[in-house]
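K.L.:
Read off the chains here:
Protein chains: 2
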Amino acid sequence: MTKEVSSNRSFGGWQKVFEHESEECKCPMKFGIFFPPQAESKKCPVVYYLSGLTCTEQNFISKSGVQRSAAKHGLIIVAPDTSPRGCNIEGEDDSYDFGSGAGFYVDATEEKWKTNYRMYSYVTKELPNVINKEFESQVEPNKMSVFGHSMGGHGALVCALKNPGKYKSVSAFAPITNPTQCPWGQKALSGYLGKDSDSHKEYDSCLLIKKYQGPKLDILVDQGTKDQFLHELLPEHLVRACGDAGMTLNLRNQEGYDHSYYFISTFMDDHIAHHAKYLNL
Amino acid sequence: MTKEVSSNRSFGGWQKVFEHESEECKCPMKFGIFFPPQAESKKCPVVYYLSGLTCTEQNFISKSGVQRSAAKHGLIIVAPDTSPRGCNIEGEDDSYDFGSGAGFYVDATEEKWKTNYRMYSYVTKELPNVINKEFESQVEPNKMSVFGHSMGGHGALVCALKNPGKYKSVSAFAPITNPTQCPWGQKALSGYLGKDSDSHKEYDSCLLIKKYQGPKLDILVDQGTKDQFLHELLPEHLVRACGDAGMTLNLRNQEGYDHSYYFISTFMDDHIAHHAKYLNL
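Residue numbers (the working numbering), protein chains in the order written: chain A, -4 to 276; chain B, -4 to 276.
Note that these hints are calculated values from the structure, not bench results.
Heads up, some of the hints might be wrong.
If several chains are the same, the list does not tell them apart, and a pair holds so long as it fits within one copy or across any two.
To be verified - DMTMM-like mimics (lysine to aspartate or glutamate), calculated; alpha carbons at most 25 Å apart, straight line:
| # | residue 1 | residue 2 |
| --- | --- | --- |
| 1 | LYS221 | ASP193 |
| 2 | LYS11 | GLU250 |
| 3 | LYS109 | ASP265 |
| 4 | LYS11 | ASP239 |
| 5 | LYS157 | GLU105 |
| 6 | LYS58 | ASP253 |
| 7 | LYS190 | GLU16 |
| 8 | LYS138 | GLU121 |
| 9 | LYS21 | GLU106 |
| 10 | LYS11 | GLU231 |
| 11 | LYS161 | GLU18 |
| 12 | LYS11 | ASP102 |
| 13 | LYS221 | GLU(-1) |
| 14 | LYS109 | ASP191 |
| 15 | LYS25 | ASP253 |
| 16 | LYS(-2) | ASP253 |
| 17 | LYS221 | GLU14 |
| 18 | LYS205 | GLU231 |
| 19 | LYS38 | GLU250 |
| 20 | LYS67 | ASP264 |
| 21 | LYS67 | ASP193 |
| 22 | LYS37 | GLU250 |
Build out the structure end to end from the sequences listed, making use of the hints.
P.N.:
Here is the structure:
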């Protein structure tokens, strides 16, 4: 059962936040959900947005301006929190880039984390099931897409690449593209999956692209040229991986933009239009 | 001298925050300023936005989505903090609706507050002077407008009504219209100006409208019908005052909207278009 935490009228629709007991994460989890005006009279596709390090379900819904575009195109937008919280795991709140606010969209296998830190299964399976069941009259269950920012851009790409056909489209703002090769990724993958484990490769977009077989993916990525975290994001690795694999990538270098929500909101319309193109067929 | 605190590329322009030593407030004051892309090649009009209770200069610039509309219409947007801060006045941080974050856009006369709490003079005189001087090559100094939310909607109306001709247009989201008649207003006016002082009337829009003489003011106000603070805002008093005085008021009751930034962002485009109509003549 989901519990409504807040509800605000927005662009003719409703921006709501719900909380539910997550079976995957074994703790209460919150998510934002925007219902466009169209959802009052028909079932609408759902776009999942995965947020970056340190974010809760609030950052995206209050700062991105997504509601405007979503209302225009008739899309429901679901934005979960970025990790389990309050699980009383030693050290869970010690770092901004590991533990709380930094679930990294993996299913942990390390003893300390494996009970709660199952964000991959949470966002790809449990959450869509909850959404499709609880909001049955508003949601078109077989039409979903995914996008995200930074750690969540990594999450979005991994979700799409590991589940061919599940998502109609994918896009990302400044994603971590090659986590086995950057400090944030190495810390998170080692911490959740064990040091030097082969399973790291299962959560690395640049490596997953090599073996992807499925419907054509038309990936849209925006990357600011003044992003302070380019050494973590490695957009040139994504370009190379897609080129080698013959995968369609529209990576747009946005001159002068940084890693913030000012960057995200500027290009939000383009991302929502990209998803609408595939979801509103 | 102003000091740049932050700078983010946004919608082809720049969202910046500056800090300066305010002569009126006798303390450092911050303000947000958005430069649209047009400001790189020509002087642009300036719209001042006054925020509501508890806000800093951050709330509006991160949540309202104003940059998108401002970039479209070529308007600079300036959004100051809502009060002096850190002045070591006894009790300045005790209430959400008085002192820090609650300057109420008046010039205080009570002993304890009168040295610092001069937000009326700050936003109508000092801040425009700073903007016009520091950003001389981007700003068209004689074209300015004002709008705001809640306490800041009150501030915007008062600024326009007390300075005929200074602002080319005025608008407000859910303004406090009649502060001498509501709890927030009575507390603030009594606290800053003294109990039962005649000067309260000088900061009450409904009373100022009666004696306004100047260029025609075409006031746009949006008011959510589910606003939790209707008893503080008293929109029906504004309708009556404007009707009695023959002043043009377009008050739009927005069905189901509350007092939040979800409400403000939904109608931001209309307000910016309203100001652009008068500023881009």
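K.L.:
Each hint should be assessed against the structure and marked as holding or not.
P.N.:
Hint by hint, here is what the structure shows:
{"no.": "1", "hint": "LYS221 x ASP193", "in the structure": "neither (33 Å within a copy, 55 Å between copies)"}
{"no.": "2", "hint": "LYS11 x GLU250", "in the structure": "between (34 Å within a copy, 17 Å between copies)"}
{"no.": "3", "hint": "LYS109 x ASP265", "in the structure": "neither (37 Å within a copy, 50 Å between copies)"}
{"no.": "4", "hint": "LYS11 x ASP239", "in the structure": "neither (42 Å within a copy, 41 Å between copies)"}
{"no.": "5", "hint": "LYS157 x GLU105", "in the structure": "within (21 Å within a copy, 67 Å between copies)"}
{"no.": "6", "hint": "LYS58 x ASP253", "in the structure": "both (15 Å within a copy, 18 Å between copies)"}
{"no.": "7", "hint": "LYS190 x GLU16", "in the structure": "neither (31 Å within a copy, 52 Å between copies)"}
{"no.": "8", "hint": "LYS138 x GLU121", "in the structure": "within (16 Å within a copy, 55 Å between copies)"}
{"no.": "9", "hint": "LYS21 x GLU106", "in the structure": "within (15 Å within a copy, 57 Å between copies)"}
{"no.": "10", "hint": "LYS11 x GLU231", "in the structure": "neither (37 Å within a copy, 29 Å between copies)"}
{"no.": "11", "hint": "LYS161 x GLU18", "in the structure": "within (21 Å within a copy, 60 Å between copies)"}
{"no.": "12", "hint": "LYS11 x ASP102", "in the structure": "neither (27 Å within a copy, 40 Å between copies)"}
{"no.": "13", "hint": "LYS221 x GLU(-1)", "in the structure": "between (39 Å within a copy, 18 Å between copies)"}
{"no.": "14", "hint": "LYS109 x ASP191", "in the structure": "within (17 Å within a copy, 65 Å between copies)"}
{"no.": "15", "hint": "LYS25 x ASP253", "in the structure": "between (28 Å within a copy, 22 Å between copies)"}
{"no.": "16", "hint": "LYS(-2) x ASP253", "in the structure": "between (36 Å within a copy, 20 Å between copies)"}
{"no.": "17", "hint": "LYS221 x GLU14", "in the structure": "between (36 Å within a copy, 23 Å between copies)"}
{"no.": "18", "hint": "LYS205 x GLU231", "in the structure": "within (15 Å within a copy, 65 Å between copies)"}
{"no.": "19", "hint": "LYS38 x GLU250", "in the structure": "between (38 Å within a copy, 23 Å between copies)"}
{"no.": "20", "hint": "LYS67 x ASP264", "in the structure": "both (10 Å within a copy, 14 Å between copies)"}
{"no.": "21", "hint": "LYS67 x ASP193", "in the structure": "neither (44 Å within a copy, 50 Å between copies)"}
{"no.": "22", "hint": "LYS37 x GLU250", "in the structure": "between (40 Å within a copy, 21 Å between copies)"}
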